Amino acid sequence: MQTLRTIPAWTWGLLAAVALAGLSFVLGEFQLILASQMLIAGLFAMSLNIIMGFGGMVHFGHAAFYGLGAYTVAILAKNYNIPLWVALPLAPVVSAALGAVVGWFCVRRVRLYFSILTLAFGQILYVIVLSVAADFTGGDNGIHGIPVPEIISSARNYYLFTLLIFTLCFVALFIITKAPFVLTLRAIRENAERAQFIGVDVRRHQLTTFIIGSFFAGIAGGLMAILNRFVGPDMLFWTTSSEPILGSLMGGMFSLTGPAVGAALLLGLHLFISQYTEFWPTVLGILTIIVVLAAPTGLVGLTDDLPRAARSAE
Amino acid sequence: MTILSIEHLNKAFGGLQATNDVSLSLEQGELSAIIGPNGAGKSTLFNLITGYHRPDSGRVIFNGRDLIGLPPHEIVRLGIGRSFQRSNIFPRLTVFENVQTAVLSHYQQSGHLWRGTSRFGKLNEQVERILHSIGLWDKRARLGGKLALGDQKRLEMGLALALEPKLLLLDEPTAGMSSEETASTVALVKQISDEFKVTLLFTEHDMAVVFGIAQTIHVLYYGGIVASGKPQEIADNPEVQKIYLGEKDAKSRFRG
Numbered sequence: 001m002q003t004l005r006t007i008p009a010w011t012w013g014l015l016a017a018v019a020l021a022g023l024s025f026v027l028g029e030f031q032l033i034l035a036s037q038m039l040i041a042g043l044f045a046m047s048l049n050i051i052m053g054f055g056g057m058v059h060f061g062h063a064a065f066y067g068l069g070a071y072t073v074a075i076l077a078k079n080y081n082i083p084l085w086v087a088l089p090l091a092p093v094v095s096a097a098l099g100a101v102v103g104w105f106c107v108r109r110v111r112l113y114f115s116i117l118t119l120a121f122g123q124i125l126y127v128i129v130l131s132v133a134a135d136f137t138g139g140d141n142g143i144h145g146i147p148v149p150e151i152i153s154s155a156r157n158y159y160l161f162t163l164l165i166f167t168l169c170f171v172a173l174f175i176i177t178k179a180p181f182v183l184t185l186r187a188i189r190e191n192a193e194r195a196q197f198i199g200v201d202v203r204r205h206q207l208t209t210f211i212i213g214s215f216f217a218g219i220a221g222g223l224m225a226i227l228n229r230f231v232g233p234d235m236l237f238w239t240t241s242s243e244p245i246l247g248s249l250m251g252g253m254f255s256l257t258g259p260a261v262g263a264a265l266l267l268g269l270h271l272f273i274s275q276y277t278e279f280w281p282t283v284l285g286i287l288t289i290i291v292v293l294a295a296p297t298g299l300v301g302l303t304d305d306l307p308r309a310a311r312s313a314e
Numbered sequence: 315m316t317i318l319s320i321e322h323l324n325k326a327f328g329g330l331q332a333t334n335d336v337s338l339s340l341e342q343g344e345l346s347a348i349i350g351p352n353g354a355g356k357s358t359l360f361n362l363i364t365g366y367h368r369p370d371s372g373r374v375i376f377n378g379r380d381l382i383g384l385p386p387h388e389i390v391r392l393g394i395g396r397s398f399q400r401s402n403i404f405p406r407l408t409v410f411e412n413v414q415t416a417v418l419s420h421y422q423q424s425g426h427l428w429r430g431t432s433r434f435g436k437l438n439e440q441v442e443r444i445l446h447s448i449g450l451w452d453k454r455a456r457l458g459g460k461l462a463l464g465d466q467k468r469l470e471m472g473l474a475l476a477l478e479p480k481l482l483l484l485d486e487p488t489a490g491m492s493s494e495e496t497a498s499t500v501a502l503v504k505q506i507s508d509e510f511k512v513t514l515l516f517t518e519h520d521m522a523v524v525f526g527i528a529q530t531i532h533v534l535y536y537g538g539i540v541a542s543g544k545p546q547e548i549a550d551n552p553e554v555q556k557i558y559l560g561e562k563d564a565k566s567r568f569r570g
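Heads up: the protein sequence lines correspond to chains A and B, in order.
For the first sequence, position 216 (counting from the first letter as 1) is numbered 216 according to the working numbering, and the numbering increases by one without interruption.
Heads up, the working numbering is the position in the second sequence plus 314, with the first residue counted as 1.
Don't read these hints as lab results, they were simulated from the structure.
Take the hints with a grain of salt, since some may be wrong.
Now the in silico label distances, taken between C-beta atoms and shown as ranges [claimed, not checked]: (1) A:D234 with B:L427: 28 to 34 Å; (2) A:T6 with B:Q422: 33 to 39 Å; (3) B:R433 with A:A16: 23 to 29 Å; (4) B:Q422 with A:A16: 33 to 39 Å; (5) A:I7 with B:G459: 28 to 34 Å; (6) B:G459 with A:S131: 45 to 51 Å.
Values in this document were obtained by computation on a predicted structure and should not be read as measured data.
Virtual Cβ for every residue (Gly too), placed ideally from N, Cα, C.
I would like the entire structure built from these sequences, with the hints used as guidance.
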């Protein structure tokens with residue numbers, strides 16, 4: 001293990017990206033679609049975990065920003081015939097902008113009160129998409145038949161496209177987690193009062209975190225809209241918010257890769273177990289209990305958050 | 315030159331007058347102490363100065379600027395650092411990261427999104443200097459929360475020093491310490507005062523600590539200032555002896 005640890009992180013990242021790209025030549029169409037879904041679920045979970053794991057803010061309304069990204073792509077591409085290459089980059093912008101508004105209110109409260117506010121705002125956005133703005137969003141029916149450019153219309157090409165976007169987002173998030181921003185965010189999570197007294201504007205820092213998380217959730221939502229060529233209001237519903245939360249719990253909240261691995265695994269497991277039983281939620285519940293009791297730091301454990309020296313010293 | 319002046323400060327919590335018409339001033343570079351029994355309002359006074367509580371009336375002037383109404387993080391940026399009575403650090407950050415977070419904040423880099431923390435060479439040298447001063451360099455890779463209490467207090471002071479404060483408030487720096495830990499902390503406080511040329515105000519209930527190092531002492535009792543002066547004046551003040559100790563052999567205890 002000691003020799004493996006000396007290999008720099010980017011080498012592992014590059015190897016993983018090449019291996020994932022290589023998969024596209026091995027997997028069949030169905031598996032490629034599943035693999036794309038896994039990457040998107042992973043990105044969604046990572047976007048939540050910046051807020052929840054590194055920031056310590058348990059967010060029950062994150063699906064709203066995922067859904068907003070998806071609807072941005074769907075409405076622009078389907079209703080206004082705007083090319084995807086324009087619509088997709090706008091998805092995170094819309095999500096981040098609404099994240100700024102919602103976040104402004106939510107970071108005024110801490111812990112449970114923060115969580116309840118995120119839940120309430122998430123459900124408000126859900127209701128807006130479901131009924132208030134039904135003329136735009138198609139209400140309960142959602143939006144079908146999102147036009148997709150030829151070049152990414154095959155399962156293989158779309159998987160590679162998703163992998164490219166995922167990798168870019170992963171690198172961006174990796175850089176942020178190594179920068180003062182996330183160090184300070186972890187300090188706030190550990191002790192917000194003390195952070196204030198070293199001169200940190202805690203609320204502003206938390207708001208920025210909320211916006212960053214919403215931004216990346218918007219990308220994940222946009223990618224999902226293109227993959228399914230369909231968006232529905234359930235994408236904003238609060239149960240959708242629970243998926244990245246459980247994924248992060250499984251994979252490990254205190255690392256960057258943990259939530260992505262956890263969310264992808266859950267998706268795969270869901271599909272696999274559904275072949276044998278319709279009681280997936282029961283299985284999920286049991287799994288969650290086991291992980292929380294036996295391995296509260298998740299499968300990936302305390303990898304990125306705590307420096308190695310500290311871990312070995314314990 | 316007066317660096318901090320407190321004028322007629324009042325604060326009540328419900329029916330309790332925690333701060334009662336407190337006025338005092340601190341000279342630049344001075345090492346002074348506030349003493350008083352538990353519940354005298356020492357921590358409340360610190361909370362009022364640092365913006366954690368808002369006073370009912372009165373003024374706190376720091377370098378010519380009224381601090382009342384400013385949020386804590388802005389008061390910190392004006393140059394007032396503080397340490398807390400209960401050790402108040404970032405438990406799941408390493409010792410190095412604890413101080414690094416504070417140094418980055420002081421140089422307004424907390425929000426930097428893309429430059430790795432290891433690539434702030436100058437600032438990390440500053441972290442190293444502080445860790446050497448507080449004697450925690452060898453423990454830099456340990457988690458803050460895993461340190462012994464005395465070391466956590468040192469780390470706390472390191473966090474405060476990282477902000478290069480003009481005024482440093484230490485709330486009971488030796489609370490809960492063994493006598494060896496107390497001795498080394500007292501030495502550290504004195505060293506900080508000399509090395510960093512910072513105006514220092516600390517609260518304390520241990521007489522020996524206060525009379526050993528403070529140049530000026532303010533006595534707080536039931537929220538109000540009873541006496542201010544040099545250690546000798548305070549020790550000789552009959553009112554202080556009576557109120558603070560209420561015993562016949564008060565004088566000998568003062569000399570601790």
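Verification of the hints:
1. A:D234 with B:L427: 28 to 34 Å: holds (33 Å)
2. A:T6 with B:Q422: 33 to 39 Å: Taking Cβ atoms as reference, T6 of chain A and Q422 of chain B lie about 34 Å apart, which means the hint holds.
3. B:R433 with A:A16: 23 to 29 Å: holds (24 Å)
4. B:Q422 with A:A16: 33 to 39 Å: This hint holds: roughly 36 Å between Cβ atoms.
5. A:I7 with B:G459: 28 to 34 Å: holds (30 Å)
6. B:G459 with A:S131: 45 to 51 Å: Given range 45 to 51 Å: holds, Cβ gap about 49 Å.
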